[in-house]
Amino acid sequence: MSTTTYDHTLDISGTAPVPFSRLVKVELRKMADTRAGRWLLISIAALTALVLAIQLAVILSNDLEVDFRAFLIAMNTPMGILLPVLGIMSVTSEWTQRTAMVTFTLEPSRSRLVLTKFVSTMLVAVVAVVVGLALSVAANLLYGALSGNEVLWDIGVMDVVYYFLLHVFGMATGFAFGTLFLNTAVAIVIYFVYSFVLPGLFQLGAQLIDWFADIQPWVDFAAAQNPLIEGNVNGEQWAQLAVSGLLWLGLPLAVGLWRVLRAEVK
Amino acid sequence: MIKVEGLTRKYGDFTAVDNVSFVCQPGTVTGFLGPNGAGKTTTMRVMVGLTPPTSGRVTIGGHLYHQIPNPGRHVGVLLDASAQHAGRTGREILEIGARTMGLASSRIDEMIELVSLTPTEAKRRLRNYSLGMKQRLGIAHALLGDPSVLILDEPANGLDPAGIRWMRGLLKGYAERGGTVLLSSHLLNEVELIADEMILIGNGRIVAQGNKASLLAGAGAVSTLVTSLDNERLAKALLADGVTVASAGDGLRVESEPVTVGRAALESGVVLTDLRHADGALEDLFLELTSDTQREHLVTGPTA
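Going down the list, the protein sequences come from chains A and B. The first sequence: position 91 = 91 (our numbering), numbered continuously. So the number in our numbering is just where the residue sits in the second sequence, counting from 1, plus 266.
Source of the hints: derived by calculation from the structure; they are not laboratory data. A virtual CB, placed ideally from N, CA and C, is assigned to each residue, including glycine. Do not take every clue at face value.
So the derived list for chain B, only partly shown, Cβ under 8 Å to chain A, looks like this [to be verified]:
| no. | residue |
| --- | --- |
| 1 | R354 |
| 2 | I362 |
| 3 | R365 |
| 4 | A506 |
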């Protein structure tokens with residue numbers, strides 16, 4: 001055998017790295033190409049529509065007078081619950097389903113891949129909010145047509161920006177929890193404890209313990225996001241949002257990234 | 267060409283891979299052989315950057331894996347055929363690979379055809395695949411980017427005999443066109459039929475390497491199985507030459523090269539009906555080389 005006739009080096013000069021945009025497109029595809037992923041996306045839209053429909057029915061049957069903000073607040077609930085789950089799954093499914101082994105061999109730069117996943121989940125969050133806004137607009141128009149009341153559009157550009165921020169935060173927190181636990185079930189359970197049990201505990205603590213009442217606004221990320229929903233954020237509230245966000249989004253994300261970059265991919 | 271240099275990987279006190287060095291040449295199939303837990307998979311995982319080495323390094327064609335741009339176009343990897351999303355269809359798994367690498371989707375159909383999955387099977391979700399089908403899909407995935415180096419961990423696992431023969435032909439042809447193939451197995455007979463070079467690993471250390479002939483020569487334990495029309499006369503002639511002979515089934519087991527037996531038969535005028543290397547020789551060597559390290563490990567090795 002004349003092994004000497006073969007080239008012993010790989011000529012990589014003609015190969016371009018995988019472009020970032022292509023990685024993002026692939027990640028977006030991966031979010032929708034399984035039943036679990038596709039139904040999660042569909043149910044986000046369907047549940048939002050359902051919640052708005054119920055709210056509209058209640059408003060009409062009770063002859064209530066509402067404005068656009070009422071529909072926006074209703075839209076928040078299903079989005080706030082399901083978008084973080086999508087954020088969690090975009091990271092954890094790679095580990096739970098062990099596809100990370102293939103993903104990381106096709107693109108060995110892990111930091112680049114994590115950034116890809118982050119960007120693609122944020123894109124989905126933005127699109128979801130756009131869909132949510134459109135559904136809310138439709139609900140408000142229907143309300144006007146069916147009740148005969150005046151249709152009120154009492155929100156400004158900043159309100160819309162706040163809504164985007166709110167859901168970007170939610171999705172990013174889910175993403176951070178995903179990188180931290182690298183396991184779908186664990187990350188979702190802990191995230192729900194964080195988002196449904198913890199705010200109650202914080203409130204209780206603030207009522208019972210004097211000194212905790214002072215720091216609660218600075219450590220309670222969920223409470224700090226309320227001004228975004230109300231559409232009015234002052235300077236101190238921005239600071240509280242930043243500090244609590246650092247604690248519940250920044251810290252888990254930092255630890256999670258450290259874990260993903262170092263972990264042995266099994 | 268794959269070059270492993272002084273590779274060591276430790277997990278706490280446990281050394282999974284211990285100062286391993288070897289080279290896989292282009293145009294050859296290299297078999298990486300060892301019992302379960304010998305360090306084959308860890309070595310292959312280090313090759314593609316999934317596991318960081320404690321010391322040493324692996325280069326592929328002169329580059330570290332993470333330095334290779336769009337590595338799927340240069341190195342085909344199959345480490346675990348089951349490590350795919352159970353809810354994706356076979357075709358979709360290839361689609362994601364092809365899109366990441368920037369390949370035309372016609373390449374997907376070519377690969378599905380190459381590994382003999384039917385279009386219907388390709389549309390099924392992975393959870394409905396047998397292990398053999400997963401292996402075929404995994405090989406298709408590894409070949410997608412038309413790489414010049416293939417790294418396959420236990421690719422024959424779960425394939426039926428026809429499938430193993432098919433894979434043998436595929437990899438031989440691939441190597442003949444100048445490709446470098448490294449495949450691992452814990453089954454000797456899988457590897458010895460296909461591999462030009464063999465690397466035997468036990469307890470994280472390389473215990474022997476070379477081609478089949480040199481391994482057998484090095485072991486000094488060549489035996490021959492022979493059947494003739496007059497086994498008794500042949501045995502006498504061989505014993506007269508000072509060769510150890512034992513009866514084995516319908517014939518004889520001779521502790522010597524087939525040429526010695528053939529010559530003895532010619533001289534004594536006995537008609538041979540079957541003459542071959544005893545298959546067990548390499549297996550004995552393999553077990554002997556790896557069991558030593560295995561026992562040592564069980565007695566003195568730390569729990570990991």
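Interface hint outcome for B:R354 [beta carbon to chain A under 8 Å]:
holds, 6 Å
Status of the B:I362 interface restraint (C-beta, 8 Å, chain A):
Because about 6 Å separates B:I362 from the closest Cβ in chain A, which is inside the 8 Å limit, the hint holds.
Proposed interface contact between B:A506 and chain A, which counts if any beta carbon pair is under 8 Å:
B:A506 check fails; min Cβ-Cβ to chain A is 40 Å, beyond 8 Å.
Holds or violated: is there a CB of chain A closer than 8 Å to the CB of B:R365?
Check passed: Cβ of B:R365 comes within 5 Å of chain A, closer than 8 Å.
Comparing the model with each numbered hint stated earlier shows that hint 4 is the single one that does not hold.
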